[in-house]
Amino acid sequence: MELLERFAAGDQEAFESLFRQYQGDVFRWVMRIVRNRGTAEDLTIETFWRAYRAHARFDPKTGHCAGWLRRIATNAALDYLRTAKREVPLEDQAIEEGKTQRRAEQAELQQKILAAMNTLTPKVRAVILLALIEEEPYAEIADALAISVNVVKVRVFRGVRALRKELEKAGIRP
Amino acid sequence: MSEREVDEMKRLLKSAVKPVGDTEPRRDLWPGMLARMSQQEMKVPWWDWVLLVGASLALWFFPGMVPALLYHL
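Which chain is which? The protein sequence lines are A and B, in order.
By numbering that gives the first Met the number 0, the letter at position 64 of the first sequence is numbered 63, and the numbering carries on one by one without gaps.
By numbering that gives the first Met the number 0, the letter at position 1 of the second sequence is numbered 0, and the numbering carries on one by one without gaps.
In short, the hints are calculated from the structure, not lab data.
Check each hint, because a few of them may be wrong.
To be verified - In silico SDA-like links for lysine to any residue, alpha-carbon gap of 25 Å or less:
#1 B:K17 <-> A:L144
#2 A:K111 <-> A:R36
#3 A:K111 <-> B:S14
#4 A:K60 <-> A:A8
#5 A:K111 <-> B:W46
#6 B:K17 <-> A:E139
Said to hold, decoys possible - A few chain B residues that don't get close to chain A, going by computed Cβ distances all over 12 Å:
#7 W46
#8 A57
#9 V65
Unchecked claim - Simulated coverage check for chain A against chain B, where a stretch passes if three residues somewhere in it have a Cβ under 8 Å from a Cβ of chain B:
#10 21-35
#11 67-76
#12 112-121
The C-beta atom is built at its ideal place from N, Cα and C for all residues, glycine as well.
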């Protein structure tokens, strides 16, 4: 029996094989949305836990295990962002403040941009992060969010418009 | 809103938020996964607790049920 069929039948060894095969992909995708290693690791486990519980609903004939896991991972990441209005964290951005005037100005600009990002809704923020910062293809973002490419474009435009408005309030003109 | 405006915003955002790019977890996540699975397996559903409390109360108030229960076990 194929690996995916064994997983769908509830075989734990098949699940472990899939976990080892896809944990890196799931982690990288979640990391692009939540931007924090510890959280991304926890959400990777949460993603596979949700997949494990939903194994009976997975259709092995489609063969799209990576896409299925990515959709679950995106939902888990959005749930995380929604729960307590999580912010785009600064810890992975390696900001060194105060060493020079230029660095201080750069840090201030970064703070303002991140503050503007944090005013976006989780769905729009995720699309902005994936499309504009990570430069993921719109088709892949659409697949992960289970929406059409046109809806992705609409969210990008909506996000850019909201960011422009927030940044102009903070005295920054893109 | 034009594509040019989107590109301008992209440049600005990328100056503040660096892409994550290709990165790996710092540790093997499988032990964490196993811990999560066993945690769930050990969890007793609430209705099992209700059943246990109900049976205990029944045996406390009607001790005559004990021999009948033992007979059926």
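Results for each hint:
{"no.": "1", "hint": "B:K17 <-> A:L144", "verdict": "holds (22 Å)"}
{"no.": "2", "hint": "A:K111 <-> A:R36", "verdict": "holds (23 Å)"}
{"no.": "3", "hint": "A:K111 <-> B:S14", "verdict": "holds (12 Å)"}
{"no.": "4", "hint": "A:K60 <-> A:A8", "verdict": "holds (13 Å)"}
{"no.": "5", "hint": "A:K111 <-> B:W46", "verdict": "violated (51 Å)"}
{"no.": "6", "hint": "B:K17 <-> A:E139", "verdict": "holds (20 Å)"}
{"no.": "7", "hint": "W46", "verdict": "holds (19 Å)"}
{"no.": "8", "hint": "A57", "verdict": "holds (34 Å)"}
{"no.": "9", "hint": "V65", "verdict": "holds (40 Å)"}
{"no.": "10", "hint": "21-35", "verdict": "holds (count 7)"}
{"no.": "11", "hint": "67-76", "verdict": "violated (count 0)"}
{"no.": "12", "hint": "112-121", "verdict": "holds (count 3)"}
Violated hints for the displayed structure, listed by number in ascending order: 5 and 11.
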